[in-house]
Amino acid sequence: DTGVSQNPRHKITKRGQNVTFRCDPISEHNRLYWYRQTLGQGPEFLTYFQNEAQLEKSRLLSDRFSAERPKGSFSTLEIQRTEQGDSAMYLCATAVETGELFFGEGSRLTVL
Amino acid sequence: EDQVTQSPEALRLQEGESSSLNCSYTVSGLRGLFWYRQDPGKGPEFLFTLYSAGEEKEKERLKATLTKKESFLHITAPKPEDSATYLCAVQAGTNAGKSTFGDGTTLTVKP
Chain A
53 DTGVSQNPRH
63 KITKRGQNVT
73 FRCDPISEHN
83 RLYWYRQTLG
93 QGPEFLTYFQ
103 NEAQLEKSRL
113 LSDRFSAERP
123 KGSFSTLEIQ
133 RTEQGDSAMY
143 LCATAVETGE
153 LFFGEGSRLT
163 VL
Chain B
4 EDQVTQSPEA
14 LRLQEGESSS
24 LNCSYTVSGL
34 RGLFWYRQDP
44 GKGPEFLFTL
54 YSAGEEKEKE
64 RLKATLTKKE
74 SFLHITAPKP
84 EDSATYLCAV
94 QAGTNAGKST
104 FGDGTTLTVK
114 P
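So the protein sequences, as listed, match chains A and B.
Just so we're aligned: the first sequence equals residues 53 to 164 in the numbering used here.
Just so we're aligned: the second sequence equals residues 4 to 114 in the numbering used here.
It is worth saying that the hints were derived from the structure and are not from the lab.
Don't take each hint at face value.
[What the hints assert, rightly or not] Distance ranges between label pairs, derived from CB positions:
id	chain 1	residue 1	chain 2	residue 2	range
1	A	Pro60	B	Gly19	21 to 31 Å
2	B	Gly19	A	Leu164	42 to 52 Å
3	B	Thr70	A	Ser79	49 to 59 Å
4	B	Ser55	A	Thr162	17 to 27 Å
5	B	Glu18	A	Gln132	41 to 51 Å
6	B	Thr111	A	Arg116	49 to 59 Å
7	B	Gln17	A	Leu112	37 to 47 Å
8	B	Ala56	A	Pro60	40 to 50 Å
9	A	Lys109	B	Gly96	14 to 24 Å
10	A	Gln136	B	Lys82	38 to 48 Å
11	B	Thr29	A	Asp115	21 to 31 Å
12	B	Asp42	A	Lys109	43 to 53 Å
13	B	Ala56	A	Gln69	47 to 57 Å
[Claimed, not checked] Which residues of chain A face chain B? A few of them, derived with a C-beta cut under 7 Å, are:
id	residue
14	Gly68
15	Leu91
16	Gly94
17	Phe97
Ideal Cβ placement from N, Cα and C applies to all residues, glycine included.
With the sequences and hints as input, model every part of the structure.
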């Protein structure tokens, strides 16, 4: 399968715990994005990498959120000290210069 | 700030009943307007890219059109398998990174 792969698909955690999501991109795509989506809403931009460089981060993103893309390959999104408001689907997408996004299946986070 | 508004929020059609979904946008220098399809519990799937006013793209029963202020997704003779949420997104020329999404139109096609 050469699509975008995300793990884990589902994560249930208690408030205050840290969680980490991983995204393995389509190998030829140098652009990688993280989005968050809640029920009934469209995807909300979180951050963007071109190769290993993090070029943009949403102003709405709290400092509890951090993302990395070492060596321009896979990426991780970590949420520290989770809150109930962090419950959402976290989507990873990759792209080439033409701009269309290729999404993974998402990682659903539930914070109890 | 870029904005995308989609209407209606939900649309119920009978199989074979054609209709259109609307995407109104405000963006500083449009680089591209994108349509995606999203099935429940899955990530969005790319459908079309439109770059300039007057452009049209077609795929099976779907046709996307673009003006300077809005885009339409026309669905001709829909089938139940066309039921999904359809998302519209814009990318600004000043920011080649992120796409800004609307909240989508949830389409239900009854047999």
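A quick look at each hint next to the structure:
1. A:Pro60 - B:Gly19: 21 to 31 Å: Violated, at about 41 Å.
2. B:Gly19 - A:Leu164: 42 to 52 Å: holds (45 Å)
3. B:Thr70 - A:Ser79: 49 to 59 Å: Cβ of Thr70 (chain B) to Cβ of Ser79 (chain A): about 37 Å, so the range 49 to 59 Å is violated.
4. B:Ser55 - A:Thr162: 17 to 27 Å: Because 43 Å falls outside the window, the suggested range is violated.
5. B:Glu18 - A:Gln132: 41 to 51 Å: Given range 41 to 51 Å: holds, Cβ gap about 49 Å.
6. B:Thr111 - A:Arg116: 49 to 59 Å: violated (37 Å)
7. B:Gln17 - A:Leu112: 37 to 47 Å: Distance hint for Gln17 (chain B), Leu112 (chain A) holds at roughly 40 Å.
8. B:Ala56 - A:Pro60: 40 to 50 Å: Distance hint for Ala56 (chain B), Pro60 (chain A) holds at roughly 43 Å.
9. A:Lys109 - B:Gly96: 14 to 24 Å: holds (20 Å)
10. A:Gln136 - B:Lys82: 38 to 48 Å: holds (39 Å)
11. B:Thr29 - A:Asp115: 21 to 31 Å: holds (30 Å)
12. B:Asp42 - A:Lys109: 43 to 53 Å: violated (29 Å)
13. B:Ala56 - A:Gln69: 47 to 57 Å: With a Cβ separation near 49 Å, Ala56 (chain B) and Gln69 (chain A) satisfy 47 to 57 Å, so the hint holds.
14. Gly68: violated (27 Å)
15. Leu91: violated (10 Å)
16. Gly94: holds (3 Å)
17. Phe97: holds (4 Å)
Checked against the numbered hints listed earlier, the structure breaks hints 1, 3, 4, 6, 12, 14, 15; every other hint is satisfied.
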